[in-house]
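2 protein chains.
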Amino acid sequence: MSEHIVSSYDQDLEDLRRQIAEMGGVAEKMMADATVALVRRDTGLAEKVIASDKRLDVLQREIEERSVLLIARRQPLAIDLRETISGIRVSGDLERIGDLAKNIAKRVVAIADQTQPQKIVLGVEHMSDLVQEQLKDVLDAYASRNLDAAHDVWERDGQIDALYNSLFRELLTYMMEDPRNISFCTHLLFCAKNVERIGDHTTNIAETIHYLVTGETLAGERPKNDASNYATVTPGA
Amino acid sequence: MSEHIVSSYDQDLEDLRRQIAEMGGVAEKMMADATVALVRRDTGLAEKVIASDKRLDVLQREIEERSVLLIARRQPLAIDLRETISGIRVSGDLERIGDLAKNIAKRVVAIADQTQPQKIVLGVEHMSDLVQEQLKDVLDAYASRNLDAAHDVWERDGQIDALYNSLFRELLTYMMEDPRNISFCTHLLFCAKNVERIGDHTTNIAETIHYLVTGETLAGERPKNDASNYATVTPGA
Numbered sequence: 001m002s003e004h005i006v007s008s009y010d011q012d013l014e015d016l017r018r019q020i021a022e023m024g025g026v027a028e029k030m031m032a033d034a035t036v037a038l039v040r041r042d043t044g045l046a047e048k049v050i051a052s053d054k055r056l057d058v059l060q061r062e063i064e065e066r067s068v069l070l071i072a073r074r075q076p077l078a079i080d081l082r083e084t085i086s087g088i089r090v091s092g093d094l095e096r097i098g099d100l101a102k103n104i105a106k107r108v109v110a111i112a113d114q115t116q117p118q119k120i121v122l123g124v125e126h127m128s129d130l131v132q133e134q135l136k137d138v139l140d141a142y143a144s145r146n147l148d149a150a151h152d153v154w155e156r157d158g159q160i161d162a163l164y165n166s167l168f169r170e171l172l173t174y175m176m177e178d179p180r181n182i183s184f185c186t187h188l189l190f191c192a193k194n195v196e197r198i199g200d201h202t203t204n205i206a207e208t209i210h211y212l213v214t215g216e217t218l219a220g221e222r223p224k225n226d227a228s229n230y231a232t233v234t235p236g237a
Numbered sequence: 001m002s003e004h005i006v007s008s009y010d011q012d013l014e015d016l017r018r019q020i021a022e023m024g025g026v027a028e029k030m031m032a033d034a035t036v037a038l039v040r041r042d043t044g045l046a047e048k049v050i051a052s053d054k055r056l057d058v059l060q061r062e063i064e065e066r067s068v069l070l071i072a073r074r075q076p077l078a079i080d081l082r083e084t085i086s087g088i089r090v091s092g093d094l095e096r097i098g099d100l101a102k103n104i105a106k107r108v109v110a111i112a113d114q115t116q117p118q119k120i121v122l123g124v125e126h127m128s129d130l131v132q133e134q135l136k137d138v139l140d141a142y143a144s145r146n147l148d149a150a151h152d153v154w155e156r157d158g159q160i161d162a163l164y165n166s167l168f169r170e171l172l173t174y175m176m177e178d179p180r181n182i183s184f185c186t187h188l189l190f191c192a193k194n195v196e197r198i199g200d201h202t203t204n205i206a207e208t209i210h211y212l213v214t215g216e217t218l219a220g221e222r223p224k225n226d227a228s229n230y231a232t233v234t235p236g237a
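Read top to bottom, the protein sequences are chains A and B.
Using full-length UniProt numbering, the letters of the first sequence map in sequence onto residues 1 to 237.
Using full-length UniProt numbering, the letters of the second sequence map in sequence onto residues 1 to 237.
With the rest of the complex left out, here is chain A:
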C-alpha cells in the first residue's frame, strides 16, 4: 500500500475496506442461513435472510457513492484508483449474491409444507457448501490481496458448474418419475441455479483481485463446465 501525505485519504480507503468486509460478512451469512433454511424447511430463518438483504443494498449504495466522491475529490492514481474501482465492483457482486440468497429464502417459504424426500435437497446443500467455501476464500484473498488464492478460486468455478449440471439432470429425472415432485423440484432447480450464479459472482471477485493487484485484466476464458443450458433429459431413457 502506498503512503499518502493526506492522512484522511488513507482513512477513506480504510473505511471503504471496512464496508466491503461488512458486506462480505452479511452476504456469507445470508447464503449460509438460506441453505440451512432450505434443508430444514425453516421459514423463520428464511424470513430473516429476506430481511437482511436491505442492509446489503444500503451498504452497496453507500460504497458506490463514497467511492465516486473519493475519486472525484482525491484523483487517486494507480493502485489507489484501482482499489476504489475494485471496491465498486466487489460491492456490486456482493449485492447480487445477497439478492440470490434472498431468492433461495423466498423459495423455502414456497416449499415449506412439502414432504418430498430429503435426499433431493442434499445435492443443493452440497453445492452450496462448496460455493460458500469459495466465497470465504475469495473474501480472504481480497482482504489480504492474495493473488494466488484468488487464482485458485477462479480455477475452481468449473467444479461448481459441473456439479450444477449433474444436479440439473437429477432434478429433471425426479420430476419425470412423479408429477408430485414437479413443483418442489422446479423451486430446487432455481435454488441450484442461484447457487451456481453465486459461484459466478465469486469468480468475478477473483478477477477483480487480479486486476487490483496486477493492474491487468485476467486473460483467457473462464474454466466453464456448465452444459446444463444445453441439457435435455428424456423420460424413461
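Hints may be right or wrong, so weigh each one.
You can't tell identical chains apart in this list, so a pair holds if it fits in one copy or across any two.
[Unchecked claim] Calculated lysine to any residue pairs in the SDA-like style (CA-CA distance at most 20 angstroms, straight line):
1) Lys-193 x Arg-96
2) Lys-54 x Thr-217
3) Lys-54 x Glu-207
4) Lys-54 x Asn-229
5) Lys-193 x Asn-165
6) Lys-193 x Gln-118
7) Lys-29 x Asp-140
8) Lys-193 x Asn-229
9) Lys-48 x Asn-229
Rather than coming from a laboratory, the hints here were simulated on the basis of the structure.
Take the given structure of chain A and dock chain B to it, following the hints.
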C-alpha cells in the same frame, strides 16, 4: 446540460453517451433475436446472439474504465458527475441484459429438436415483446433525459411480474400433464425468468434516469407483482 470551458470534456461525455447508445442497440437486438430464435427454433440465429455478447462485454469494460478516468481527471461536479456515474450503472445493466439474452439463445440450441406445441412458447414471446417495449422506452428516456417516460417504465414493471407469475403456473401445469414436456418446459421456465430479469434491469435503468435528472434516489418500493417465488402447483388440482 451545463457548458464547459474545456471543450474536450464535452467530447468525453459525448463519447460516453454514444457508447451507451451503442450498447443499448446491441442489447435490444440480442433480445429481439433471441426471442425470434426461440419461437422459430432457429439455432443459427441463436448462435449469432451468443456471439454478439462479446461486443457488449468489451463496451461495458471500456465505459467503466473511461468513466472512472473521466472522474479522476476532470473532477466533474453535480450533473456531470451524475452523468458519469449513471453511465457506469446503465452499462452494467445493459451488459447483464445481454448475458440473459445469451442464456435464452443457449437454451434455444438445447430444445431445437423438440416438437412440443408452439402454444407453450407463445406466452414467453408475449412477455418478451412487452419487455422489449420497456427496454426501448427506457433507452429513449435515457437519451432524452425524459423523467416522465422513465417513471412510466418504472410503473409498468409490475405487469411483467404478474405475467411471469401466470406463465410460471402454466408451464408447471404442462409439465404435470405429460412428463415428455418437462425438459422443454424447464428450459422455457428459465427463459421466462430471464425475460423477467431483463425487465428488472430495465426498471434499474429507469431508477438511474431519476437519479440522473433529479440527483435523488427514487423513493418507495418497486411495484412488484412477482409471487412466483412463492408459487406452487399441485398435480390434478
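Going through the hints against the structure:
For a Cα distance limit of 20 angstroms, the shortest separation of Lys-193 from Arg-96 qualifies both inside one copy, at 13 angstroms, and across copies, at 16 angstroms. In this assembly of identical chains, Lys-54 and Thr-217 lie within 20 angstroms of each other by CA distance solely across copies; the values are 15 angstroms between and 32 angstroms within a copy. For the homomeric pair Lys-54 and Glu-207, the shortest alpha-carbon distance between copies (17 angstroms) is at most 20 angstroms, but the shortest distance inside one copy (26 angstroms) is not. Only between protomers do Lys-54 and Asn-229 lie at most 20 angstroms apart by alpha-carbon distance; the minimum there is 18 angstroms, versus 31 angstroms within a single protomer.
With identical chains, the CA atoms of Lys-193 and Asn-165 are at most 20 angstroms apart both within one copy (10 angstroms) and between copies (18 angstroms). Only within a single protomer do Lys-193 and Gln-118 lie at most 20 angstroms apart by alpha-carbon distance; the minimum there is 19 angstroms, versus 26 angstroms between protomers. Proximity of Lys-29 and Asp-140 under a CA criterion of 20 angstroms is satisfied intra-copy only: 15 angstroms inside one chain copy versus 40 angstroms between copies. When the C-alpha separation of Lys-193 and Asn-229 is checked against a cutoff of 20 angstroms, the pair qualifies both within a copy, at 11 angstroms, and between copies, at 14 angstroms.
In this assembly of identical chains, Lys-48 and Asn-229 lie within 20 angstroms of each other by CA distance solely across copies; the values are 16 angstroms between and 32 angstroms within a copy.
No hint from the list above goes unmet by this structure.
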